[in-house]
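Novice: Chain by chain, the residues:
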Amino acid sequence: MGRFTLQSRIDCGDRTTSVALLEIRELSIRYRTAGAGVQAIDGVSLELEAGGSLGLVGESGCGKSTLALATLRLLPPQAELAGTIRFAGQDVGGMKERQLRQIRWRRAAYVPQSAQNALVPVHSLRAQFRATAAAHRMRATEADRRAAALMRRVELDPALLERFPHELSGGMRQRAIIAMALLFEPELLVADEPTTGLDVIVQRQTVNLLRDLRAERNLALLFISHDIGVVAELCERIAVLYAGRVMETGATADVLGSPSHPYTIGLRRSFPDIRDPERPAVSIAGHPPRLAEALAACPFAPRCPFAQPVCVAVQPPLVAIAEGHAAACHFAGDAAAMRSAANRPGLWDGARAA
Amino acid sequence: MLRLALLPLGSWSGRFAIFVLAAVVLVAAVAPALAPYDPLANHFDAAGQLLRLDPPSARYKLGTTYYGLDVLSQLIYGTRIVLVVGITCAVLIGVIGTNVGLVAGYYGGRVDGLLMRLTDLAFGIPFLPFVVMLVALLRPSLWNTIVAISMLMWRTSARVIRSQVLSLRERGFVRAARIAGASDLRILYVHIFPNVLPMVLLYVAFDIAYAVLAEASVSFLGFGDPNQVSWGQMLYLAYVSGSIRQAWWWTLPPGLAISLFVIAVFLVGRNYERLTNPRLR
Amino acid sequence: MTLAVEMRAASKHFLPGRHLFRRGAVVRAVDRVSFALPPGRVLGVAGESGSGKSTLANLLVGLETPSHGDITIAGHRMTRRPDAALRRGVQMVFQDPFGSIDPRFTIGRTVEEPLLIHRLGDAAERRRRAEEALEQAELRPAAAFRDLYPHELSGGQRQRVAIARAIVLRPKLLVADEPVSMLDVSVRAGILRLLRRLVDEGAMAMVFITHDLSIVGSLCDELAVMYRGRFVEVGPALDVLRRPLHPYTRALVAAVPVPDPAVTPAELPAKLLAGGAPTASGCRFAPRCSLAIAACETTDPELSEILPAHRAACLRAGETAGARP
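Protein chains in written order, with our numbering: chain W, 1 to 354; chain A, 355 to 635; chain P, 636 to 960.
Think of the hints as simulated: they come from the structure by calculation, not from any bench. It should be emphasised that the depicted structure is a prediction, and the values quoted were computed from it without experimental measurement. Among these hints, one or two may not hold up.
[Claimed, not checked] Taking beta-carbon pairs under 7 Å as the criterion, some of the chain P residues facing chain W (in silico):
id, residue
1, S684
2, A824
3, H846
4, L876
5, A890
6, P892
[Said to hold, decoys possible] Which bits of chain W does chain P cover? Going by a derived footprint, with three or more residues having C-beta under 8 Å, they are:
id, segment
7, 120-126
8, 201-210
9, 218-229
[To be verified] With beta-carbon atoms standing in for the labels, derived distance ranges:
id, chain 1, residue 1, chain 2, residue 2, range
10, A, Y461, P, D835, 22 to 30 Å
11, P, L755, A, Y543, 18 to 26 Å
12, A, Y461, P, A644, 24 to 32 Å
The beta-carbon is built from N, C-alpha and C at its ideal position, and this holds for glycine as well.
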C-alpha cells in the first residue's frame with residue numbers, strides 16, 4: 001500500500017525531514033455565483049503529518065467544510081482553486097479523475113456531516129459495503145469479511161449489516177459510516193462535524209472510538225467541528241478559521257491554553273465549561289462576513305473588541321509567536337493582556353446584536 | 355408578486371411561451387374584429403353551391419371546411435374556447451384540489467383517510483371514458499365538459515398539496531401559531547396556504563394544459579358543444595367528414611394551435627417549477 | 636403569588652403503531668412528572684433524545700393533552716381546548732430558527748401575529764407592542780428590523796425574532812425547546828443571557844429544555860434530568876451539576892466535552908452504552924447502570940430528597956453520591 005514508507009514521526013520541532021501526508025499551500029477557493037461570487041478560502045497553508053491530527057474550528061460560514069472537501073477535490077464545479085494541495089507528495093489539484101479515485105476512500109476517506117443522508121436508505125448496510133468495495137475492485141467475499149471485522153471494531157453487531165439505515169439509531173449510523181470509511185484501511189480520515197446532532201453520551205462514544213482508531217491504525221485525522229471541546233479531545237493540532245483564513249494555528253494545548261488571536265479568545269470564552277458551570281459564556285457580537293473577494297484588512301476587525309485603526313488598513317500576516325504556534329493578529333504580542341481583558345463584562349457585546 | 359409573474363421571462367423558452375399565451379389572449383379578446391367572417395356562417399360560391407373544401411385563397415385565407423365554413427374565422431374564435439376551458443378548469447381544479455389537500459394534510463386521521471380514499475377513487479377512474487360518459491349523459495355542452503374534467507383532475511394537486519401540508523404542519527411557525535391560539539381556519543389559510551401557493555400555481559399551469567387537451571379529446575370524440583367552435587371539434591368534423599387526408603388547411607391549423615398553446619403553458623409551468631423545486635434551480 | 640406553572644403527576648402515553656401481528660407496549664413518553672415554578676424562575680430539563688422532554692414541552696403549551704394528571708398555567712387548569720386567556724399564558728421558542736418563522740411574513744408581521752390572533756389593539760397599538768417586543772429581544776432599532784424578511788437575518792437574529800413573538804403576549808410561562816442548539820457557539824451565550832434577562836424582568840417563568848448540560852449552570856435555577864419519561868433527578872442547577880446523585884446524571888455530566896486538552900476524557904462503562912430494555916417493575920435505568928443491584932430490577936424508585944432540595948430517583952443515591960458514572 002505504500003503507506004509505511006510515508007510514515008513519519010509526529011515531530012513538531014523538526015519538520016524539514018518529514019514528509020507531510022497532507023500539505024496545503026497558499027490555497028484559495030472562490031465560488032462563482034450569479035452575483036459577485038464568494039471568496040470561501042483565502043491563502044490557507046496547513047499540513048498534516050501521517051498519523052497526526054488537525055482540527056479545523058470556526059463559526060459556520062468560515063470555510064471549514066469547503067477546505068475539507070477541497071482536500072479530496074470534492075468541491076462543486078463552480079469552485080475555483082488556486083494554490084496547491086498535496087496528498088502523500090502528489091498534487092491533488094492536477095490529478096485526473098482516475099487517479100483521484102485511487103486516493104479517495106482507498107487512502108483518504110471522508111465522513112460527512114449528516115450521518116442521516118450519507119447512507120442510501122433503500123439498501124442494507126451489507127449492500128452498501130459491497131457496493132463501495134466493488135467500486136474499487138474488491139471482491140464481495142473480501143468485503144463481507146472486512147465489513148464484519150470493522151463493524152465489531154466500531155462496537156456494532158455484525159448482524160446489523162443486514163439492516164437498513166432507518167432501522168439504526170443516529171449514533172449507530174454514524175459508527176457504521178466510520179466503519180465503511182475504514183474499508184480500505186485509509187491513511188487519512190476527513191471528518192466533517194461527525195458528532196454534531198448526536199446525544200452527549202453517543203457523542204462521547206463516537207469521539208472515544210475515533211481516538212482509539214487513530215491510535216491503533218496510525219490514522220491521520222482532519223477533523224472539522226464547531227465544538228472546541230471535541231477538538232480538544234481528538235486533535236493534537238488545531239487551526240482556527242475565520243472568513244476563509246487561518247487566524248491562529250498550533251498545538252491544541254497552546255492554542256486553547258493561551259489563545260493569541262482575539263477571535264480564538266472570543267471563541268474560547270463563548271464555549272461553556274461544565275467544570276465551571278456558574279461562569280456565563282460570552283457571545284461575539286456580529287457574524288462572519290460573506291466576502292465577495294479577498295480583503296486587504298483583518299476580516300475579524302469589525303467584531304474585534306481590541307481593533308485599532310491599523311486592523312482595517314493592513315492585513316495581518318500569520319506570524320509565529322512561539323514554537324509551532326502562529327497567529328494572524330497585529331497585536332498577537334499583547335495576547336496575554338488581551339486574554340486578561342477578555343473577561344471584562346460587556347467587552348464582546350459590540351455594536352450590533354448577534 | 356410581480357417578480358413571480360415575470361419569472362418566466364428570464365429564459366428563452368419562457369419568453370417564447372409568454373409570447374404565445376399573450377397572442378392567444380389578444381386574439382381571443384378581439385376575435386370579432388379579427389375574424390373575417392362569422393365562424394358558423396356557411397359560404398357559397400357564385401353558383402350558389404356550398405363552398406366545400408375550398409383551398410386557401412385570397413378570400414378564405416385558410417380555405418373552407420366540408421360544410422363551407424371559414425377555417426381562419428373558426429381558428430380565431432377557437433382561442434376563446436381554449437381560454438374559457440383552460441381558466442375555468444384550472445380555477446375549479448385549483449380550488450377543489452388545494453382545499454382537499456389542505457384539509458386532509460392538516461387534520462390527518464379519519465378526515466385524511468376519507469379524503470385520500472376519495473382521491474384514490476378519482477385516480478382509479480379512467481379519465482376520457484368518464485368524461486365522455488358524463489357529458490353524453492348530461493347533454494354535450496361546454497359547461498358540462500368543464501365540470502366533467504374538473505371532477506377528476508383535482509386528484510393530482512390534492513395529493514401533492516397534502517404532502518406539502520404534512521411537512522408544513524410540523525414546522526415551527528405553524529406550531530407557534532397553534533400555541534398562540536390561532537384557529538384551524540387561520541392556520542390553514544393564513545399560515546399554510548401562502549406557503550403552498552407556488553406549488554398550487556405550478557399545478558394550475560399544468561392543469562390548464564391538461565384541461566385544454568381533454569376538451570380537445572372530448573370534442574374530437576364528438577361529444578363537444580355543437581354550438582361552439584373549438585379546435586378539437588374542428589379536428590373531429592374534419593375526421594368524420596372524411597376529409598382529413600385532402601384538406602390539410604382544415605386539420606393543420608387547429609392541430610398546431612393546440613400543440614403550441616399546450617407547449618407554451620407547459621413551458622411557463624416548468625419555469626415556475628424551477629422556483630418551487632430547489633433541486634432544479 | 637400564584638405559580639407560573641404547576642404539573643401534578645402528569646403523564647402522556649402513546650399507543651404504539653398497530654402492527655399486523657404484534658402489538659407493542661404503551662409508550663410512556665412522560666410518566667408521572669410533577670413540578671411547580673413561580674414567576675422569575677428557570678427550570679432546566681435535560682435529557683437525551685427519546686427521554687420525553689419534547690413531549691413534556693408539548694404538554695406545557697397545550698399541543699398535547701395529558702393522559703393522566705393535570706397542568707396549571709398561572710392558576711388556570713389546562714384543558715383539551717384551552718381558552719384564549721390560557722393560550723396567552725404560555726408561549727414557546729423552538730429549536731430551529733429557520734423553520735420556526737414563516738418565510739413569507741416580514742419580521743413585524745411575525746411578531747404581530749399573536750396579537751392578531753387574539754384581536755388585541757388596533758393597528759397602531761399592535762405595531763407599538765411588536766416594536767417593544769423586538770426591542771426587548773435586543774433587535775434594535777426595531778423599526779429597522781420590522782420590514783425585513785427572515786432570510787435577511789442570521790440564525791441568532793431569527794431566534795431573537797422567535798423570542799419577540801413569544802413574549803409579545805406577555806406570557807406567564809415561556810417554554811424554550813433547545814433554543815440555541817442549532818446556533819453557532821459564538822452567539823449562543825447572547826441568546827441565553829437574553830432569555831434569563833426576560834425572565835428576571837418580566838413576571839414570567841421559563842422551562843428550558845436542553846441536551847447540553849454545559850449551558851444549564853449559568854442560566855437555570857433548577858435542573859431536572861429526564862430519563863425515559865421520568866424526572867430521575869431534580870435540584871438546584873449548580874448542585875445537580877457539581878454533585879450529581881443519579882448515575883445517569885453523572886454519565887451525562889462526564890460525557891460533556893471539556894475544551895481543555897490537559898483533561899483526560901472520561902471512559903464510559905460498556906454497560907451504559909450497551910443499553911437494554913428495562914424490566915416492567917424495576918428502575919428504568921438499571922439495564923445501563925453499573926451500580927445496579929438486585930433490588931433495582933424489582934423496585935422502581937421514586938424521587939426522594941437525598942440532599943437539601945436535591946432529589947433523586949435512585950435506590951443507591953444516598954450511598955453512591957460522588958461515585959464515578
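Novice: Each of the hints needs a verdict: does it hold here or not?
Specialist: Hint check:
1. The closest approach between the C-beta of P:S684 and any C-beta of chain W is roughly 6 Å, which is under the 7 Å cut-off, so the hint is satisfied.
2. Proximity of P:A824 to chain W holds as hinted, the smallest CB-CB distance being about 4 Å (cut-off 7 Å).
3. The interface hint given for P:H846 holds, since its Cβ lies 6 Å from the closest Cβ of chain W, which is under the 7 Å cut-off.
4. Interface hint status for P:L876: upheld, as the beta-carbon distance to the closest one in chain W is roughly 4 Å, under 7 Å.
5. At its closest, the beta carbon of P:A890 sits 4 Å from a beta carbon of chain W; the interface hint therefore holds under the 7 Å criterion.
6. A cut of 7 Å between beta carbons decides the hint on P:P892: the least distance to chain W is about 3 Å, and the hint holds.
7. Requiring three or more residues with a Cβ within less than 8 Å of a Cβ of chain P, the coverage given for the segment 120-126 of chain W is violated, as only 0 such residues are present.
8. Restraint check on the segment 201-210 of chain W versus chain P: 7 residues with Cβ-Cβ distances below 8 Å, three needed, restraint holds.
9. Counting residues of the segment 218-229 of chain W whose beta-carbon sits less than 8 Å from any beta-carbon of chain P gives 4, enough to reach three: the coverage restraint holds.
10. Look at A:Y461 against P:D835: about 41 Å separates their beta carbons, and that is not inside 22 to 30 Å.
11. Checked against the given bound of 18 to 26 Å, the beta carbons of P:L755 and A:Y543, roughly 21 Å apart, stay inside it.
12. The hint said 24 to 32 Å for the Cβ distance between A:Y461 and P:A644, and at roughly 31 Å that hint holds.
Hint check: violations occur at hints 7 and 10; the rest are consistent with the structure.
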